[in-house]
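A.B. asks: Residues per chain, in single letters:
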Amino acid sequence: MSFQFTEEQIKRYSRHIILPEVGGKGQEKLLNSKVLVIGAGGLGSPALYYLAAAGVGTIGIVDFDVVDFSNLQRQILHNTSRVGKPKVESAKMTLEELNPDVNVIAHNERIHKGNVLDIIKDYDVVLDGSDNFPTRFLVNDACYFLDKPLVSAAILRFEGQLTTFDYRNKEESPCYRCLFPEPPPPGLVPSCQEAGLLGVVGGIMGTLQANEALKLILDIGEPLVGKLLIFDALGTEFNVVKLRKDKKCPLCGENPVIKELIEYDQESCDIRF
Amino acid sequence: MAVTVRIPTALRRVTQGQGEVQIEASTIAELIENLEKEFPGIKERLVDENGEIRKFVNFFVNDEDIRFLEGKDTKLKDGDVVAIIPAIAGGK
Numbered sequence: 001m002s003f004q005f006t007e008e009q010i011k012r013y014s015r016h017i018i019l020p021e022v023g024g025k026g027q028e029k030l031l032n033s034k035v036l037v038i039g040a041g042g043l044g045s046p047a048l049y050y051l052a053a054a055g056v057g058t059i060g061i062v063d064f065d066v067v068d069f070s071n072l073q074r075q076i077l078h079n080t081s082r083v084g085k086p087k088v089e090s091a092k093m094t095l096e097e098l099n100p101d102v103n104v105i106a107h108n109e110r111i112h113k114g115n116v117l118d119i120i121k122d123y124d125v126v127l128d129g130s131d132n133f134p135t136r137f138l139v140n141d142a143c144y145f146l147d148k149p150l151v152s153a154a155i156l157r158f159e160g161q162l163t164t165f166d167y168r169n170k171e172e173s174p175c176y177r178c179l180f181p182e183p184p185p186p187g188l189v190p191s192c193q194e195a196g197l198l199g200v201v202g203g204i205m206g207t208l209q210a211n212e213a214l215k216l217i218l219d220i221g222e223p224l225v226g227k228l229l230i231f232d233a234l235g236t237e238f239n240v241v242k243l244r245k246d247k248k249c250p251l252c253g254e255n256p257v258i259k260e261l262i263e264y265d266q267e268s269c270d271i272r273f
Numbered sequence: 274m275a276v277t278v279r280i281p282t283a284l285r286r287v288t289q290g291q292g293e294v295q296i297e298a299s300t301i302a303e304l305i306e307n308l309e310k311e312f313p314g315i316k317e318r319l320v321d322e323n324g325e326i327r328k329f330v331n332f333f334v335n336d337e338d339i340r341f342l343e344g345k346d347t348k349l350k351d352g353d354v355v356a357i358i359p360a361i362a363g364g365k
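From first to last, the protein sequence lines stand for chains F and X.
273 is the number that our numbering gives the last residue of the first sequence; the numbers go up by one with no jumps.
365 is the number that our numbering gives the last residue of the second sequence; the numbers go up by one with no jumps.
Calculated directly from the structure, the hints in this document are not laboratory data.
Among these hints, one or two may not hold up.
Unchecked claim - Partial list, computed: chain X residues near chain F (C-beta under 8 Å):
(1) P281
(2) A283
(3) G292
(4) I296
(5) E309
(6) F312
(7) P313
(8) F329
(9) N331
(10) E337
(11) D338
(12) A356
(13) I358
(14) G363
(15) G364
(16) K365
Unchecked claim - Below, a list of computed lysine-lysine pairs in the DSSO-like style, where the Cα atoms sit at most 27 Å apart:
(17) F/K113 to X/K316
(18) X/K310 to F/K248
(19) F/K248 to F/K148
Glycine is no exception: its CB is placed at the ideal position from the N, C-alpha and C atoms.
Construct all of the structure, not just a fragment, from the sequences and the given hints.
C.D. replies: Written out as C-alpha cells, the structure reads:
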C-alpha cells in the first residue's frame, strides 16, 4: 500500500517531492525515520530545525540544561522568553510549531553509561552535538555496539569538524577512536566558555550534520565516511582529510580492548592550546 | 624545503594569529622542532613529555594521517601541506 500524503503535506514537502532523488518515496522514508540529536545547543539547534522542516517523523533530543541568556547568541531553537526553561522543552515547542508532522521526544536527562543504550536503541541515525569528550566517547561506543550510524560534529572558536561513522558497516567505517583513541587528560582541558565560539560556526556545522542525516535516511549521495571535514570560518575554507580504520584501534581494531561502555570523568570541552 | 602548515584556530594564539605558516623541514619531527624555534611554546602542545605526539592531536600530510605513514619520521618534500588537527568537543 502506498503512503497517503495529505494536501498540506504535498504542499509542505513539494520542493523535496519534485527532486527525483527524493520524490514521494523519499519523503515517506523521512516521515518514517527516527533521528536522535545529542545536545540542543549550537550544533543541535540548526540540525534539529532542518530535520524537523524536512519532515523527519520522529526526532529525539537529549539535553539536561536549561536555556540561558548566553546560549542565545547561537542556539536558534530557543528565545529570550524561554530563558530558564529546559532546553528540550523549548526545542520541542519550536519544532512542533514549525512542523506538526514531527513527533518530538524530549529526553530531559544527562546521558550516562546506564541510559545511553536505552536512549539510542530505537533510533535510525544519531547526531552528536554534545559539548564534552566523555559524552562523545560514550555516544560513539554506544553507537558502535548498537550498529547505529553516527554523524559527529564539533566546534570551537572559529573552527568546525565533521565526519560520519557508519556502524552499519563496521568492516569499512573507521570509528571515533580510530581518530582519537582516548580523551585528552583532564588537566589539559578548560571549559568551553573560556574558549569562545563564533555562533555561526555551529549553524554551518549543525546544518551539515542534518545534511548527512538526510542522505543516510534517503540513501543518496555519499556520506562523509572515512573523511574528516574541517571548516575554518576565518579563511572561509573547507578542507577534507582521510580517516582510516586503525588496526590498533582499541574499539574497532583487530584486538579490541574496549568491549563495554566506559564513562570518563571530565567536564570540559576542549584542549588547552 | 618549505612545507605549508595549517594551524588549527585553537593554536593560533601561539602563531600570532596565522592560520598557515611556511616551515623548512624534511620530516615531521624536524617540522615540530622548527615550529618551536619560530613559535616558542607550540611544541609542548603537540608532543608529550616523552616526545611522542599527543594522542588527541593528529598530523596529516597531504590529507593522509601520519600514523598510517611513518609517524614522526614521515618524510616531507617541498610544497607538501601539513594539517595539524586536534580533537575538539564543543557543541553547545
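A.B. asks: If a hint holds in the structure, say so; if it does not, say that too.
C.D. replies: How the hints compare with the structure:
no. : hint             : verdict
1   : P281             : holds (6 Å)
2   : A283             : holds (4 Å)
3   : G292             : holds (6 Å)
4   : I296             : violated (18 Å)
5   : E309             : violated (14 Å)
6   : F312             : violated (12 Å)
7   : P313             : violated (14 Å)
8   : F329             : holds (4 Å)
9   : N331             : holds (7 Å)
10  : E337             : holds (6 Å)
11  : D338             : holds (6 Å)
12  : A356             : holds (6 Å)
13  : I358             : holds (6 Å)
14  : G363             : holds (4 Å)
15  : G364             : holds (4 Å)
16  : K365             : holds (3 Å)
17  : F/K113 to X/K316 : violated (36 Å)
18  : X/K310 to F/K248 : violated (33 Å)
19  : F/K248 to F/K148 : holds (22 Å)
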